[in-house]
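Undergrad: These are the residues of each chain, in order.
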Amino acid sequence: LRPSVADFEVVAELAGSAGRPRYLCNPPDRLDLRGEQVMVTELAAGPATWSAVAGRLAAFAAVGSDNLLRLLEVGEDPDPDGLGAYAASEAPAGELVAESGTLGTARAARAVAEAAMGAHALHEAGVAHGSISASTIHLTSRGGVLAPPCVDCPDGLVARIAGWRELETVDPDLFSGGLPSRSSDIWSLGATLHGLLSARPLHPGIDGDQPVTAVQRLLFTNPEVDPRLPRVLADVISSCLDADPAARPTTAAVLSELILGATEDR
Amino acid sequence: VIDHVEVAPGRGTVIRFGHLVAWAGPSATPALVSFLAQSLANLGPSPRGGQQMAEHLAGVLSERDPEPTVPFAVAGPDGGVWVALLHGPVQAWDGNDWLVPDPVRGWIRGVVRPGPALAVNGAGAPTPEVSPDSLWDLEAGIVPGSGFVMFPARAGVPSEAARREAPSPPIEEGRAPLTVDSDETASLKTDPDDSVGDETVTYDVFADDDPSGDETAVQALIRDDEAPTAAETLAVVTENATVTMSTVGVPVDAAEPVSMPSGPIDLRRTDDLPFKWGRTPLPIGRGPDGPVAGAPVVAGVLCERGHVNKPGTEACIKCATPIPADVAYTMSGSRPPLGCLVSDDASVFRLDRAYLVGSDPAQDATVSGGLAEPLLLPGEEVAASHAEIRLQDWDVIVIDRAGATHVLEPNTTDWVRLRAYEPRPLIPGAHIAIGQRTLTYLTPWVRRTTDAG
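If you read the protein sequences in the order shown, they are chains B and E. So for the first sequence, the numbering used here puts the first residue at 1; every next one is plus one. So for the second sequence, the numbering used here puts the first residue at 1001; every next one is plus one.
Simulated from the structure, these hints should not be mistaken for lab results. Quick caveat: nothing in here was measured; it's all calculated off a predicted structure. In this text, a Cβ means the ideal position worked out from N, Cα and C, and glycines have one as well. Hints may contain errors.
Partial list, derived from the structure: chain B residues whose beta carbon lies under 10 Å from chain E [claimed, not checked]: (1) Pro47; (2) Trp50; (3) Ala54; (4) Leu71; (5) Tyr86; (6) Asp155; (7) Val170; (8) Pro172; (9) Leu174; (10) Asp209; (11) Ala214; (12) Leu219; (13) Leu229; (14) Pro245; (15) Thr250; (16) Thr251.
Sequences are here, hints too, so could you generate the full structure?
TA: See below:
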């Protein structure tokens, strides 16, 4: 465990995201956070990519939605063992959604619905997220918030597959080469909700350790929503996973309402 | 029109006069080189010299071909587009597509879209090594060379030669900034002194949603009045310089190219940051496919909702709408992405661009020149620049550059070693061995989506 990242004192290691280590840290006094702990994510950014990485984070922060992870600072990491840069953000209120596995239907649905509002705010600001999954949805004191996508990934990278749960959150259109969009983020939100509510994959038999066959399954087979899920929620999830993007909820805000409505109906 | 021309060392002849550039292979006779040089000298000053030269050569070659096996090529502008004529064993790469002569006729004339450069050399040879920051520039004349890379000037940016010759601009005291008071569009023609070559450029100027600081931030739709078919381009413009350009239809990520201060940066106060952002909401739903500037144009079939599909596709890749087998028409449209590459470490790369694969591909001139994205694949026996992945029409091509690239095609058991620099089309599902690493080509353009399951 690193003792510090730049001048952030590391307290504990959190689950990583997209291969990037994340830590719970005590912030330096200059941030004036009065004893709050923060989350620090290592970023792969050298001098050649610094502006792009910092600019993407600044653009995310500028959206200013309550349903987006509150970013505090981006800086260069002088530690030669680090990845070159770091991003500091508010810390999750408890365990990360990706680690919990026991959120319960109502809490998981609410977290995804709130993150969907964050996605909607991004979309209205002209940005598609492109990698919504349980690892980019955090529970904070304000509820579910959406964390930034991979800001330091190389151009052209669709995904780094880390198990079938992450893999299934990627709209197959992106594996066809398509660019992230409203509809691809809506697929991701629906698949993430399914992953939080069901232990079964959407594509039976999919193996995240076999990336080629796994991507082939996503490209050429239709997802199967767990029939044991509450029907109204299953219907909402199914609509997000429609092969025709035009048949999915038109916006992430509409999806958020649908999820909350389906949860209240139960 | 031309920013600069770099000459690749080697055998052959490179010629440039004005806006025209030509290459002739080492087997060209002095008579052919002289003919090309004289023609370029005559037509080089013309902003439509590329088209005029191509027509001139096509007329000659249609009558007779005095040196049918000799490679040569010419390239030049036709208003806002670029035209090239290629003859014999020669190739041109514009960053998106290859142009090679028709094997029956022995030559071809076509439009190229340098993105950002046009590379011309002998067939099968590696792309000439160049750097966009290089100081080498053939301004005019006839020199030895095995090919050339031509960088067109960008709108609003003076050419390399002009930059060298221009005195430092005086600072204008009290110069009124360009301002737009509302969302209405204003148009202004560039000052003749600011025009690019002989082109007339019109800027349609929109107020920026988030102007800040003392920069005059506007968004401008730049179009070339001389070439109404030229791709329209969005640009974010500050007081004196084009900061970034992005094609219409693609979200403008203006935060990316602006130089950010070195860290740490307080992200709680983004109003202080120097990035501009259009904040145009993403489109809702998926309408018909429109032209994508910069994407190559291919022949395809349309589904009833207007999505471009590969000829022979039975159901639309994007909306699953069946496409009748008896669709009587084909169309031309911007090529959709061709699928993805999956690496053995489970990274997935979008196939909408060319890649240079290797353990240190960013250092290669193909990447620094903007002709391919780097695909970093560190590992045993992986060369710094090991293999190129190129997109040609609807095909994905692999080209070995290290003498150690193998391909395993579906339903076969033997890896095939590729010959260096010999392009090989990939079959969907093919594995590529790059040293001890592997990439797999997957694409939806292989079967009907309605077959799913």
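Undergrad: Could you run down the list of hints and mark each one as holding or not?
TA: Results for each hint:
1. Pro47: The hint holds - B/Pro47 has a Cβ within 10 Å of chain E, the shortest such distance being about 9 Å.
2. Trp50: With a minimum Cβ separation of about 7 Å from chain E (threshold 10 Å), the hint on B/Trp50 holds.
3. Ala54: Constraint on B/Ala54 satisfied, holds at 4 Å.
4. Leu71: With a minimum Cβ separation of about 4 Å from chain E (threshold 10 Å), the hint on B/Leu71 holds.
5. Tyr86: Holds. Min distance 9 Å.
6. Asp155: 5 Å, holds
7. Val170: B/Val170 check passes; min Cβ-Cβ to chain E is 8 Å, inside 10 Å.
8. Pro172: Holds - the Cβ of B/Pro172 comes within 10 Å of chain E, reaching about 8 Å at its closest.
9. Leu174: At 7 Å from the nearest chain E Cβ, B/Leu174 passes the 10 Å test, so the hint holds.
10. Asp209: 8 Å, holds
11. Ala214: 8 Å, holds
12. Leu219: Since the shortest Cβ distance to chain E is 6 Å, the answer is holds.
13. Leu229: 21 Å, violated
14. Pro245: 5 Å, holds
15. Thr250: Result: holds, 5 Å to nearest chain E Cβ.
16. Thr251: 6 Å, holds
Comparing the model with each earlier hint shows a violation of hint 13 alone; every other hint is respected.
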